[in-house]
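Trainee: Listed here are the chains, written in short residue letters.
There are 2 protein chains.
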Amino acid sequence: MTDTTPMPPLRIAIAGLGTVGAGVIRLLDTNRDLVRARAGRGIEVTAVSARDRSKDRGVNHERFHWEDDMIALARRDDVDVVLELVGGSDGPALALARAALDAGKGLVTANKAMIAHHGLALAAQADKARAPLKFEAAVAGGIPVVKGLREGTSANALDKVYGILNGTCNYILSEMEQTGADFAETLREAQRLGYAEADPAFDIEGVDAAHKLSILAAIGFGARVDFANVRTTGIVAVRAADIAQADALGYVIRLIAEADVRDGALLQRVRPCLVARDHPLSSVDGPTNAVVAEGNFSGRLLFQGAGAGDGPTASAVVADLIDIARDEVGAAFSMPVDQLVDFPPAQPGDRLERTYLRFTVNDRPGVLAEITAAMRDADVSIESLIQKGRNAEGGEVLVAMVTHEGPERSIAKVLDLLEGSDSLTAAPLVLPILPN
Amino acid sequence: MTDTTPMPPLRIAIAGLGTVGAGVIRLLDTNRDLVRARAGRGIEVTAVSARDRSKDRGVNHERFHWEDDMIALARRDDVDVVLELVGGSDGPALALARAALDAGKGLVTANKAMIAHHGLALAAQADKARAPLKFEAAVAGGIPVVKGLREGTSANALDKVYGILNGTCNYILSEMEQTGADFAETLREAQRLGYAEADPAFDIEGVDAAHKLSILAAIGFGARVDFANVRTTGIVAVRAADIAQADALGYVIRLIAEADVRDGALLQRVRPCLVARDHPLSSVDGPTNAVVAEGNFSGRLLFQGAGAGDGPTASAVVADLIDIARDEVGAAFSMPVDQLVDFPPAQPGDRLERTYLRFTVNDRPGVLAEITAAMRDADVSIESLIQKGRNAEGGEVLVAMVTHEGPERSIAKVLDLLEGSDSLTAAPLVLPILPN
Chain A
1 MTDTTPMPPL RIAIAGLGTV GAGVIRLLDT NRDLVRARAG RGIEVTAVSA RDRSKDRGVN
61 HERFHWEDDM IALARRDDVD VVLELVGGSD GPALALARAA LDAGKGLVTA NKAMIAHHGL
121 ALAAQADKAR APLKFEAAVA GGIPVVKGLR EGTSANALDK VYGILNGTCN YILSEMEQTG
181 ADFAETLREA QRLGYAEADP AFDIEGVDAA HKLSILAAIG FGARVDFANV RTTGIVAVRA
241 ADIAQADALG YVIRLIAEAD VRDGALLQRV RPCLVARDHP LSSVDGPTNA VVAEGNFSGR
301 LLFQGAGAGD GPTASAVVAD LIDIARDEVG AAFSMPVDQL VDFPPAQPGD RLERTYLRFT
361 VNDRPGVLAE ITAAMRDADV SIESLIQKGR NAEGGEVLVA MVTHEGPERS IAKVLDLLEG
421 SDSLTAAPLV LPILPN
Chain B
1 MTDTTPMPPL RIAIAGLGTV GAGVIRLLDT NRDLVRARAG RGIEVTAVSA RDRSKDRGVN
61 HERFHWEDDM IALARRDDVD VVLELVGGSD GPALALARAA LDAGKGLVTA NKAMIAHHGL
121 ALAAQADKAR APLKFEAAVA GGIPVVKGLR EGTSANALDK VYGILNGTCN YILSEMEQTG
181 ADFAETLREA QRLGYAEADP AFDIEGVDAA HKLSILAAIG FGARVDFANV RTTGIVAVRA
241 ADIAQADALG YVIRLIAEAD VRDGALLQRV RPCLVARDHP LSSVDGPTNA VVAEGNFSGR
301 LLFQGAGAGD GPTASAVVAD LIDIARDEVG AAFSMPVDQL VDFPPAQPGD RLERTYLRFT
361 VNDRPGVLAE ITAAMRDADV SIESLIQKGR NAEGGEVLVA MVTHEGPERS IAKVLDLLEG
421 SDSLTAAPLV LPILPN
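Listed in order, the protein sequences are those of chains A and B.
All residue numbers for the first sequence refer to my numbering, where the first residue is 1 and numbers rise by one.
All residue numbers for the second sequence refer to my numbering, where the first residue is 1 and numbers rise by one.
Think of the hints as simulated: they come from the structure by calculation, not from any bench.
Mixed in with the good hints, there may be bad ones.
To be verified - Below, computed lysine to aspartate or glutamate pairings styled on DMTMM-like, alpha-carbon distance capped at 25 angstroms:
hint, chain 1, residue 1, chain 2, residue 2
1, A, Lys160, B, Glu62
2, A, Lys55, A, Asp199
3, B, Lys160, A, Asp199
4, B, Lys160, A, Asp29
Said to hold, decoys possible - Computed far set for chain B versus chain A, every beta-carbon distance over 12 angstroms:
hint, residue
5, His61
6, Asn156
7, Ala198
8, Glu328
9, Pro344
10, Ala427
Said to hold, decoys possible - Non-contacting residues of chain A with respect to chain B, defined by C-beta distances greater than 12 angstroms in every case (computed):
hint, residue
11, Arg38
12, Arg188
13, Ala369
Using N, Cα and C, we set each Cβ at its ideal position, and we do this for glycine too.
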């Protein structure tokens, strides 16, 4: 092959010039020759759009055409692919995405909320228009896990997909582990350092991880994206004492997102879990993300790396652009939308797990008898139990235990039986133990 | 999109029906519907060839056409892609590969030796014929690391690529760690369990890892494959005592394959190294493989999983077939062969590293003074030193030390200075310490 008739460049419009948009421009500048060699042609930004034209973003965008109107940006004749970096599940991001595909442009996005809510409709539009739709950066930042499932494990029926998909929660939990500080204090510190947003709800309540999980589940299991049925528990209730107890038992606590299909039903949940120290996810610290995919032929595969940040996210975005420039593009969710299965959500009550249970109780006679009676009546068998004496500040005593393997519904029954008991000073905390 | 005009199936010929070939047939049978949905069409084996037609392989191949002659197999009209699972860098495998590309067929192979030696010529032939050439299974078994570098980190200039690429060595080293047994005994046990070949030389001398590394380096750095210049040291000289010393210092020993490009020169080496316990590669045990890629935007990415075995290897082979069925195929080494750079091999003497040095010496006065004088004369600064008393069996004493960071050539000078000393009872062992 000779280089005498070079392919025309792939022309990009960028909507949204926050840290990721600026990162993409910086990457395309820094790695220009290399991107051209790998893509087989240049990748050139032709036009950009953002809310505030004059804001300093640390990169020169005056060399690109400016559009105030993002819809006009999406329709420009000199644009092949629109990069949606606006954010938000609906509103301007969705309008832009629809307009881009409607105009027959390719669409690359880092927007997990939009893909979780509208990914199927967008993919159907892309299938119809035969236009590329790609969203590697929407899940786990710089880790190529969308490609990992779409292309890497494509020959496998997956037993399950699970991992650590939210860097903020993982930072907070691993910091609590290191420092012994409580949740609120660690969250404030994470906010100060930029690891948590000013409004951290989406992260610490598990919604962000749920968005990402619903996307991975769709690709991994050939399922229609079903964000609404992700069972989501955040990390707000995890106390320093729980982390200390877990440590004493040989575990760390991580926010685990997991999905599987059994008996024709899709289970998706995001929950803080105890992770044994010899499990590969236990050493995933700070803002790092990691995904495990267990295939029926591949066995267990682990993908790990930076889950956020402008550099890693730009790396994922431009990898998608290179795929498009190479014309190595197919169905966004690994198969056409009309072949994805609409699995009903699983009812996990029969699933067997070992569970960590923590009660905070009044320090008075009979409380332990009351709890253990509830366990007996719910047929929950205790593997180990730790009662910690009253702490310095008050009359509160902590009772923590690990159960033998049993159905989840039995744990729910324990909580029902103890509901309203005046022995308990707070709602009990239930943390499943991740199987090794 | 509708399903009314299905694409014709992708028709495969399999050459070589060992465990991997049988695994591919089993996978295509087991995951038939799923592979068809993801590939967008069926993937059908039409013809096979192997040395012995009558051998029982645990799968029924009588339903496929049989060819005694592999070249005839490669040229069949009813074949789109030839699967080369014969093995060996040259001979029948290479003849088959050439014949397949020559006939305009796609070629998928698990043959690391052939790709390390002839991958460039085959890729040039594939570029010219516009035929797909893919070899995911040639590196790290079921881990999609060829795709990880070719598609996942494609936007990045890599700082380095390194990892654990040989499951046999990793099994032996982690078993020695668990059991305290010596190398020879552990190798025999690995052979008994099927983790090591009857002739283990390729594995334990690091050649297999070097094959794989040269392939990863080509993709990761846009380099022409240069297997001949991989500096390779195997694990044969690692003793149980070294593993115990490393453990006492907070390290494990792993066979590390690493490549980087600095100052326009390509460094490729395979060496046993000390890996700190908080490095993600330290927890890679048994026959598991893992690859770390450090990109200038992505940061550090880790890919981990089963490095061998019929299931994982079949998973990688069929993932390549699905890519071809989807027509998501481009340059095998991530860019056309004529754009790969012919980097000169690096001379690593100036590279700074910390080093573990182990001497076995006669137990007599003055030996330690002789060694430390050599260290001083070579300007090597000692961070810590352990002298272990004579072991039960003989008069041999072990002196182990860790150096401060210094140029590699200084360590070579220490060895030169001590060359021929009758204080030493065996060649010293030098193990670099992998930076965290």
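Trainee: None of the hints should be skipped; say for each whether it holds.
Mentor: How the hints compare with the structure:
{"no.": "1", "hint": "Lys160/A / Glu62/B", "verdict": "34 angstroms, violated"}
{"no.": "2", "hint": "Lys55/A / Asp199/A", "verdict": "23 angstroms, holds"}
{"no.": "3", "hint": "Lys160/B / Asp199/A", "verdict": "37 angstroms, violated"}
{"no.": "4", "hint": "Lys160/B / Asp29/A", "verdict": "21 angstroms, holds"}
{"no.": "5", "hint": "His61", "verdict": "18 angstroms, holds"}
{"no.": "6", "hint": "Asn156", "verdict": "6 angstroms, violated"}
{"no.": "7", "hint": "Ala198", "verdict": "25 angstroms, holds"}
{"no.": "8", "hint": "Glu328", "verdict": "4 angstroms, violated"}
{"no.": "9", "hint": "Pro344", "verdict": "19 angstroms, holds"}
{"no.": "10", "hint": "Ala427", "verdict": "35 angstroms, holds"}
{"no.": "11", "hint": "Arg38", "verdict": "5 angstroms, violated"}
{"no.": "12", "hint": "Arg188", "verdict": "26 angstroms, holds"}
{"no.": "13", "hint": "Ala369", "verdict": "42 angstroms, holds"}
Of the numbered hints stated above, those contradicted by the structure are hints 1, 3, 6, 8 and 11, listed in ascending order.
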